[in-house]
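Participant: Each chain, written out:
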Amino acid sequence: MEFCTNFPMFSIIACLMCGVVCSVLKKNPARYLTYTLLTVLLILSSGVLAYTLKIDGCFIYRMGHFGAPFGNELRAGVLEGVLAVFFSVIMFLSVLAGEKHIFEDVEDSKINLYYTLICLMMSSLLALTYTNDIFTAYVFVEINTITAAGLVAVMGNGRAYFSSVKYMIMSLLGSGLLLIGITLLYDVTGHLLLSDIKNAVNTIVIKEYTEPFTIIIALITIGLSIKSALFPFHSWLPDAHTASTISSSAILSSLVLKAYIVLLIKIFYRAIGREVVLETGVNDIIFVFGIMAMIFGSVFAIAQKDVKRMTAYSSVAQIGYIFMGLGIGNEAGIVAAVFHIFAHGATKSMIFTSLGGIKEVSGHSTKLEAIKGAGFRNKVAGVSFAVGAFSMVGIPFFPGFVSKINFADAAAEAGSTKMIVILVALAISTVLNCLYFFRALIALYTPVSNAAGELKEEVDNTRPTLKYIMAMAFFIAFNIFAGTFSDMIIKLINKGLTMFS
Amino acid sequence: MQAVIDYISSNLFEGVAIILFGIGFTTLFLHPNLIKKIMGLNIMDSSVYLFLAAKGYVFGRKAPIVVDGITEMESYINPIPTGLVLTGIVVSVSVTAVMLALTIRLYWRYHTLEMDEIMQIIRKEGK
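Protein sequences appear in the order of chains Y and U.
So that you can map any letter, position 501 of the first sequence is 746 in the numbering used here, and since no number is skipped, the others follow by simple counting.
So that you can map any letter, position 102 of the second sequence is 119 in the numbering used here, and since no number is skipped, the others follow by simple counting.
Looking at chain Y on its own, in the form it has when it is part of the complex (with noise of 0.2 angstroms):
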């Protein structure tokens, strides 16, 4: 057992290799050295998880053997080991649903490569989930972000490239914040390492520095929050991912939005402490950007014909669950907003990969009214839309519901103010979601009658494929599972927490 504190290095390794022997590969070899990678990934994630859970603690794996001030560290506990399985799993899925759509999406000639921007993609969730250095976070922040703007480039049409420039411009203004953030945090600190800053933060930084490192704490919240779409940060966001193919839109919303948000937690735990957080009062202002999100970024989604739009502005209000969470303070707000990256990531991405199901049988439109009826012209798409929209509304059973729950029970544990403020704002944005998911529920279960004849010819052509169906079975079960056994979720969350610091 001692030989799974290698897991995390091998899986990060493996992943950039994998990327570049996908480059020089033919399609279909590149895709299944991928699911191959995908899965040994599963493996080892699920190892990692298995030993910090019998150890009941987190180990350290240190980069060549070099001790503490000078080596690389990467660490992992129970919240990282869940994480890396939760990531690996949704992107297999992801990837394994929207599969067809790549092929058909994506030049033919560079089918690998996307396979080989998936590899490296996962290398940075991974790496941004286990590293113990905040320069290393740093670089591969950057390599995220240029996966994720070719994930979203793929298509090559003119739309596709303004998109991803657009996406590229302002994740690079929230890269700039972060370096800079980071850099002062290194010459207040003189460590790299995220615990040995948190001791030197405890010994001198909090009596002597407190004006420099409310604006560290403050550059870093604004960068990353740039970068994982925080309300007014979030016009690139719904661009992104409508221009993409449907798996490179699941993976952005689902993962790489996420992977941010871990680093942003990380670093508040581990690098700097909560108290110190509490004292200079970012969390109050994350808290506000985050209400304010979940309010208009709801109100956006209902102004959209288009359902993958719609589902992009959706995004943007589910981020603002996160953040508002985030802020609140107190333990259980940061629970809560942890278990909903999970309901998020999980629900997500079910439901923009069976917009890809759904797009096929409508004449490759999402628009809302060539969708109508496309419920009963692909069976497996509408269902898991439906459990999709189910549990973004928040019916019981599901993860949306949980986590609502949740938000809920922080919020009664908060000040007067917030409790009331939350409760409110959960109520509103509960109605809106509500609003325009069902909207789109109802057109896809509209039956259409004259236009049924000459879209039967389509639907004949486009039978959902056998790796669509057990893709999307897969996402169901995957859903109710989070959903029907959150408690054991949430127990692990709160045991991965009190080790992550």
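All clues stand as given, with none of them false.
Within a straight-line C-alpha distance of at most 20 angstroms, the following computed SDA-like cross-link-like pairs (lysine to any residue) qualify:
1) Y/K355 to U/A118
2) Y/K355 to U/L123
3) U/K72 to Y/D432
4) Y/K355 to U/R122
5) Y/K355 to U/I121
6) U/K72 to Y/P457
7) Y/K443 to U/I97
8) Y/K355 to U/V115
9) U/K72 to Y/Y454
10) U/K141 to Y/D551
11) U/K72 to Y/I460
12) Y/K550 to Y/L613
13) Y/K299 to Y/M246
14) Y/K550 to U/G143
15) U/K72 to Y/F315
16) U/K72 to Y/E456
17) Y/K612 to U/R140
18) Y/K550 to U/I139
19) Y/K299 to Y/M744
20) Y/K712 to Y/L287
21) U/K72 to Y/I449
22) U/K72 to Y/A445
23) U/K141 to Y/S610
24) U/K141 to Y/G401
25) Y/K612 to U/E142
26) U/K141 to Y/G403
27) Y/K355 to U/R126
28) U/K141 to Y/R554
29) U/K72 to Y/L464
Distance windows between CB atoms, simulated:
30) U/I121 to Y/Y280: 27 to 35 angstroms
31) U/G100 to Y/V628: 47 to 55 angstroms
32) U/G32 to Y/E453: 17 to 25 angstroms
33) U/L130 to Y/P641: 48 to 56 angstroms
34) Y/M262 to U/V21: 54 to 62 angstroms
35) Y/Y277 to U/R140: 37 to 45 angstroms
Think of the hints as simulated: they come from the structure by calculation, not from any bench.
Don't be surprised by glycine CBs; every beta carbon is placed ideally from N, CA and C.
Chain U: place on chain Y using the hints.
Facilitator: Showing chain U alone in chain Y's frame:
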């Protein structure tokens, strides 16, 4: 007055770095021309590297490369910021390359480098 001059001269590099960061950030954010945006990006990144290098440098000391036997620690500067600058330069070069590649593609497609003109063309096509 003397105090102000002392303050500025002792924080000269940091001050210049922050001003450059501001210039780069606003250019990247607000300028409509894609090439100038990329220039802004490079100014922004370089300013951070100037800041890092200035923080790692101590006047009168030399680079920690041991040529003639080990001398005492006090004669060397802190090498870590320099290493970070090198890593950072690699990162910003690759980001710049990706941005330039995307810009070339956009120029082939729309024959302009202005973001707002491209946006208008896309809006027109979308309708």
